[in-house]
Amino acid sequence: MTQELISANHAAAVAAVLAGRANRKARGFGGGAYPITPQTECIEYLCKQTIEKGHIIRVESEHSAMAACMGFSLAGARAFTASSSNGLAYMTENVFAAAFYRLPIVMMAVNRTLGPPWNIWVDHGDTLALRDAGWIHLYCEDNQEVLDSILLGYRLAEDRRVLLPVLVCQDAFVLSHTMMMTEVPPQERVDAFLPPLDLPHRVTDRPRTVGGLDFPHESEVHRRQQQEAMQASFAVFEECREAFRAAFGRETPEAIVPYRLDDADVVLVSMGTTASTVKAAVDEARLRGVRAGGLRIRLFRPFPEEAIVRALAGKKRVGILDRDLCPGLGGILWAEMRALAGRDAVVQNYMVGLGGGDIRPIHVRQILDDLLAREKSGAPVFKEVGA
Amino acid sequence: MEIRLHGRGGQGGVTCAKILAAVYARLGKSVQTFGDYAGERSGAPVRAYTRVSDEPITNRNKVYQPDHLLVLDLSLLGDDTVAGLAPGGTLLLNSPEGPEAFAAKFGAFRVATVDATGIARKHRIGTRSVVIVNTTIAGAFVKALGIGLGVLEETYRGLGLSSNFQAAKDAYESVRVAEAGSPAGTRRAVGAGGAMEGARPAPPPATAKEVVPLQEHVEGPTTGLRTGNWRTQTPRYVENLAPCNAWCPAGNDVVGFVQALGRDGEIAASAVLGRSTPFGGVCGRVCPAPCMEGCNRREYDGSVNIRGIERWIADKAPVARLAAAAVKPKRVAVVGGGPAGLAAAWTLALEGHRVAVLEGEPELGGVLRTGIPTYRLPREVLDREVEAILALGVEARCGQFLDRESVARLAADYDAVVLATGLQKLQSLDVPGARLAGVEQGIHFLHRVNMRGKAVLSGHVVVLGGGNTAMDCARSALRCGAARVTVVYRRTRAEMPAIPEEIEEAGHEGVEFVFQAAPIGFEGDGRVSAVEVAEVEMGPPDASGRRRPVVTDRKRRIECDWVLMALGQSADLGLLPAGWTIRDGRCFGDGRPLNVWAAGDLATGDGTVTHAIGSGRRAAGLALRELGEAVEVFSRPDRARAVPATDIRLDHFARADAARDITVPPAVRLSGFAEVSAGIEGRTEAHRCFSCGHCTSCDTCLVYCPEGIIRRTKGGYDVDYSYCKGCGICVTECPRKAIEMSAS
Amino acid sequence: MNEPALGGMAQTALDRAEPILRCGNTNCGGCGMSVALQMLGRAVGDRKVQIVIPACCAIVTAGPFPFSAYGAPVVSSTFASAAALASGMAHVARLNGEPTRVLCWAGDGGTFDIGMATVSAAAERNEDVLYVCYDNEIYGNTGGQRSGATPIGAVTSTTPLGKDVEKKDVIGILAAHRVPYLATVSLAHPDDLMRKMRFALDERGFRFLHILAPCPTGWKSEPADGIELVRLAVRSGLYPVVEVFNGRRTVINVKPEMSRPALEKYVSLQGRFKEKGADWDAAWEVILRNWKDLEARVGV
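Read top to bottom, the protein sequences are chains A, B and C. If you're matching positions, the first sequence starts at 131 in the numbering used here and goes up one per residue. If you're matching positions, the second sequence starts at 13 in the numbering used here and goes up one per residue. If you're matching positions, the third sequence starts at 19 in the numbering used here and goes up one per residue.
If we strip away everything but chain A, and leave its shape as in the complex, we get (with noise of 0.2 Å):
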């Protein structure tokens, strides 16, 4: 195990390589690259990396490179690639295919404002756009958890109860540029932690046709079963949390992450590092003697509900902090969840840091002062950060 001084972007190049190294003794690793800021150091990282029994293909679009993984899952490889933003919206319809064809690939998202007009700075909107794409969602934290997500999701994606890719996501540059002290397993331990795949549904060299025709009722199936996968993806996800403490030696966060909830009466629920500066906020409010708390999702789908339906019990006030943006609708985490806090509570909606702005520990007061205030859920607030 080292530590390395290192972006969140070359985290997620790191795991990648682990990962794909790991199954050298299968049939092999491979996956797709485009460049698209901020996510191009990890494939820049990924392309200089020699891999035993692997490849990378310099494709010419985002499009491609999920079709390139897609190549290489269905012939039995582990795939990886990485996108962010545009680059997610234009290869949106493989991002379907893939989970259609229950592959489990491992995609790394840079969330990043969708243009145009451009704007290169962390927004959720890009991944959450593809909430339905039948892929498991991971938010991170922090570089570790970029890392670890990445190991994880591979043993996620790959069991057999679940069968599902696994798109792990972290804020652009608020993670993807800043680098942090990352721990860094050993190769050995991730052979341990991820052994070969073993594809029931790879392509051989007997007749078979994958994607050929679904009429009505083959698609009503098919489609229960994705959701049954998403369903038994819980239990997994606990099971390899369980198996990743035994490999590596340390933790790595549940599907919701709570911060000072337990007696708390007022709650901000987030996403990503946005979560880090709740929690800064939550010290603060408790200083003030206000009994606030936190709760990070960090599995978004499956939608850990019955968690957060727990989680949030008899809390009075809720503030769901969305960094995206369903217009005529409202935050996409809040539309999600407004249902789950307890039948009394103020539920209240605050869109903040769009377009990647920074927010800081005040702008977390003033949204918490704001929610002390209200007698009942309002509409969706636009809380403005500035630069």
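Calculated from the structure, these hints are not laboratory results. All values reported here derive from a predicted model rather than from experimental measurement. For every residue, glycine included, the Cβ atom is placed at its ideal position computed from N, Cα and C. There's no promise every hint is true.
Here are the computed lysine-lysine pairs in the DSBU-like style, where the Cα-Cα straight-line distance is at most 35 Å [as the list claims (entries may be wrong)]:
{"no.": "1", "chain 1": "B", "residue 1": "K181", "chain 2": "C", "residue 2": "K66"}
{"no.": "2", "chain 1": "B", "residue 1": "K74", "chain 2": "C", "residue 2": "K238"}
{"no.": "3", "chain 1": "C", "residue 1": "K283", "chain 2": "B", "residue 2": "K134"}
If you want the ones that stay clear, here's a sample from chain C, every Cβ over 10 Å from chain A, calculated [said to hold, decoys possible]:
{"no.": "4", "residue": "F85"}
{"no.": "5", "residue": "A108"}
{"no.": "6", "residue": "T160"}
{"no.": "7", "residue": "F263"}
{"no.": "8", "residue": "V316"}
Where chain B lies over chain A, by a calculated footprint (3+ residues, C-beta under 8 Å) [claimed, not checked]:
{"no.": "9", "stretch": "274-288"}
{"no.": "10", "stretch": "336-347"}
{"no.": "11", "stretch": "350-364"}
Knowing the structure of chain A, use the given hints to seat chains B and C on it.
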């Protein structure tokens, strides 16, 4: 009211449903129409629906219990199809048969039928394999439901389908309806009484089957789709008449022996050839080869040298057939030992009958021996084939010409008599000087040459005529001392009846030709010294299709020392006893059929060996049949049925020149009567044969079948009709018309 | 032709034990692509293949999951990405030292149009993929809309008055990528076809075969006439039968007759040119120009 329609992709079922809806919309009803959309392909079963109501329609479901049902393709008709149809409801079927044909099975319904495919095909709607019947059958439905033609016409105009209205009108006028066997009830009546509920076939069950997860490994079996029921026409392997076979007067299986030679070699080919002729070696040398005229390769790159092939086969593998044993042998006398008589004798002897051939000349062979010079037909070839006939047990009685009385006696003494005396009457010229010395019949000259070994001529010999006898005279004259030979013919070279190769060889040997000249007299003092000829102009075609020669008064003299007349021959009927006549190859005495048949030139006057052989075979067969024998009587096939060149896919064949006969150089050959031609070299010429109408197992159909369902069988191919979509590529691509399409 | 087609190899030990396209498929009767798939099966023989097919008629014909009208492993890609997905599969075969040949089997829409970037990129990377474009000059699967391969003058459901621009020169495009092997394939010349398919299967790197595949439904022609249409296209000079090695050495495999009557027959056998009426002189000029270009490339 709900209507369901069953059709196949490409028939236009959805449009048909739309037409019906448009008709009712015009009548002021609320309508709705839609189709099933899936992986519909040309020929695949599809459904379409029309809903009609007085009230606004809110039902968005498919139609499970239709009031009326249309079936655009009869192969779709089954229990599944009519499932849910209301008893008494109209079941409109696209069928040329009347509704009564369906009464037994579908008597609970009001069955209507119309030949929509026939009508649409007549109006050329769609393609041959996918006939679009929608606009046609809609007319029948409208009539069956009692709606006026005017509404239909307006609807078609409104939909921009006026060009198809005539077909709809034909259907409107020709649809036939049989009311339901039980009292016709509407759906409403059924609902009220419920008595007929039991007659309504159950709609398809709404249960779901197991679905394999996408992430499971399964080897996909092929679909259960029997695409054979998409088919509207069916390819079938056939044997069609090859033109060479159609053209061969002897009835040889020409394509059969040519293909056998190419495929299996001389012995196999000889077996085929020997089935129909005892004279392969003879015909391989002297036959005018009508087969080569008919050959589909003729216009492409030259006819297959069939004559050369026949000679090759007969010389390399002379056939020795054995006579069968007849249960009750018949006694037959054949008068005349020429090719017709010998062919008749051969046919009879092969069947095990006792045959005596009566020949006036000292040896058998007829004109083959007396007329045809040996440089064309060496006597050893003729002898070989005559001996093979005699070896079957045929008795030869030569050297005595018969008279009327002896012919009549034969008829009494024998079970049957075949007369094959040939053409004994020679055409002569009734012009001044015809009796001068040095003017003689070419046939007599040839007889001298052939039977006495030699005849002597000298100086300039003029031969009159353009047939094979003329050529034989001219070329023999050169070999008998003539200094110069000129053939005078009244028409043009193209119209000469002689074998083209003979004319060509005559030219090579130095024979000169004067065309469009008719002899009008001979000059000379006791002995001929010149022929006077008149110039001939070519007039309009006569009955034979050749242009009629018109003699002008422009004259010229051709000085000469000898004249040989080869102006044609005809049958000498003087041999027939009084009261006998010949009709269709049989002799009649005072109008009653006799046990006497005529064969060869006596019967037909065609004047070739090959015709004689066919005629002899036929006469023998007719005689045997009359005598109660179960034999197949040869008859000439109908040339009109032969595969035309336009049916041959020439692109499959590389152009290649025909193999020509090898000949001795003229300077050498004129020194005697040795055979001029050595025939072809090798058997590769057989590979040029198109094998018209006869499958050669060339695999073309197999490799082009889009479905991969044509498989080799012993000697041919099988089509798996449960999957054949009837596209017809095998038929179109067959190089030789050995597959045909028929309506399914 | 007295020698059996393809030397009589079909359905012998030299042929593939199971056809690539099985019966029970849902292609229209007389589909040129079906004929091409039967030929492909014979060319493949005992080689191991994996086939990638984008959204098109060729994948619909496979039938509903888990059934397969293909007697070979087939993967469907999204419309634009056959060459990219195949690239991934080809690398896995190579990484594992497997002899498997990875093929793309795509229509003209998936090649000339939406898939062009993907094809171009795979060609540029020289992926070990055999890309076969069955060109029916139309979006057949969606019912007959124009594509970049639709010839000028052809009526489609989106060019009701006939297409007013020329077909893309896909051979020129691929030649410019200097791919190791590139060929046009005539279904009417099965020996040439078989030689090219086998060569392309065994060659390494990116290979591209273009097959003119008549679509009776879209071309409004008799299903039975498909092969004859290809033959006429070749005879007239409309469809050059060529191969190009490394983007440089160009070989003309079938010398066309340059027959204008053949062109007229080609057009008259199809309904799709009826609307506009054929501009013979213009069509002929295009053929002559294309041949001039081609001959310049060959160095005639």
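Hint check results:
Using a Cα cut-off of 35 Å, the hinted pair K181 of chain B and K66 of chain C is violated, with the two alpha carbons roughly 58 Å apart. For the proposed pair K74 of chain B and K238 of chain C, the alpha carbon gap of about 31 Å is at most 35 Å, so the pair holds. At roughly 23 Å between alpha-carbon atoms, K283 of chain C and K134 of chain B fall within 35 Å of each other, so this suggested pair holds. The Cβ of F85 of chain C does not lie farther than 10 Å from every Cβ of chain A; its closest approach is about 7 Å, which violates its non-interface assignment.
Not every C-beta of chain A lies more than 10 Å from that of A108 of chain C, the closest at about 8 Å, which undercuts listing it as non-interface. For T160 of chain C, the requirement that its beta carbon stay farther than 10 Å from each beta carbon of chain A is met, with the minimum near 15 Å. For F263 of chain C, the non-interface assignment is confirmed: its Cβ lies about 25 Å from the closest Cβ of chain A, beyond the 10 Å cut-off. Separation of V316 of chain C from chain A is adequate, the least Cβ-Cβ distance of about 31 Å exceeding the 10 Å criterion.
Only residues whose C-beta sits within less than 8 Å of a C-beta in chain B count toward coverage, and the stretch 274-288 of chain A has 0 of them, not enough to reach three; the restraint is violated. With 9 residues having a beta carbon nearer than 8 Å to a beta carbon of chain B, the stretch 336-347 of chain A meets the requirement of three or more and the stated coverage holds. Residue count for the stretch 350-364 of chain A with a Cβ under 8 Å from a Cβ of chain B: 3. That meets the three needed, and the coverage hint holds.
Of the numbered hints stated above, those contradicted by the structure are hints 1, 4, 5, 9, listed in ascending order.
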